[in-house]
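Engineer: Sequence:
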Amino acid sequence: TVKQGVPSYGLSGGQRSRVALAAVSYVEPHVLVLDEPTNNLDLESVAALADCVERFEGGVILVSHDQYFVGRVAREVWLVGGPSQTVRKIESFDKYRQHQLKKLAPMAPVSIS
Numbered sequence: 001t002v003k004q005g006v007p008s009y010g011l012s013g014g015q016r017s018r019v020a021l022a023a024v025s026y027v028e029p030h031v032l033v034l035d036e037p038t039n040n041l042d043l044e045s046v047a048a049l050a051d052c053v054e055r056f057e058g059g060v061i062l063v064s065h066d067q068y069f070v071g072r073v074a075r076e077v078w079l080v081g082g083p084s085q086t087v088r089k090i091e092s093f094d095k096y097r098q099h100q101l102k103k104l105a106p107m108a109p110v111s112i113s
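The letter at position 31 of the sequence shown is residue 31 when you use full-length UniProt numbering, and the numbering goes up by one with no holes.
Because the hints were derived from the structure by calculation, they are not lab data.
A portion of the hints provided could be inaccurate.
What follows is a list of derived Cβ distance ranges for each label pair [what the hints assert, rightly or not]:
| hint | residue 1 | residue 2 | range |
| --- | --- | --- | --- |
| 1 | 81 | 27 | 32 to 38 Å |
| 2 | 28 | 110 | 18 to 24 Å |
| 3 | 33 | 101 | 27 to 33 Å |
The structure displayed is predicted, hence computed values, not measured ones.
Positions of the beta carbon are idealized from the N, C-alpha and C atoms, including for glycine.
Given these sequences and hints, build the entire structure.
Structural biologist: This is the structure in structure tokens:
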């Protein structure tokens with residue numbers, strides 16, 4: 001749906017994200033800095049954004065908690081913890097996720113029948 005002339009506050013979060021991505025694409029930047037870019041996007045829009053990021057020829061700095069998106073577009077992952085933790089590079093997002101799930105497994109609730 002075209003919403004020409006609608007102020008940005010009249011757009012949904014996903015629509016504002018699409019407008020921002022279109023504006024960035026127009027100026028052809030060398031680097032994109034994306035902070036939680038998948039917030040407010042539906043699954044189709046997340047996939048479209050991932051396609052755009054994968055085709056982008058410049059550098060991308062991405063901050064995201066979206067495991068699907070990170071797993072799909074990231075070539076290199078740096079893990080940033082809380083204030084007492086250091087920043088470190090991880091070899092593979094999928095391996096890191098599996099390691100974290102194994103650490104959490106003992107804490108999973110157990111059902112007693």
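Engineer: Would you mind marking each hint as holding or not holding in the structure?
Structural biologist: Against the structure, the hints come out as follows:
At about 34 Å, the CB distance of residue 81 to residue 27 agrees with the hint of 32 to 38 Å. Under the hint 18 to 24 Å, the C-beta atoms of residue 28 and residue 110, about 55 Å apart, miss the expected range. Checked against the hint of 27 to 33 Å, the pair residue 33 and residue 101 passes, with Cβ atoms roughly 29 Å apart.
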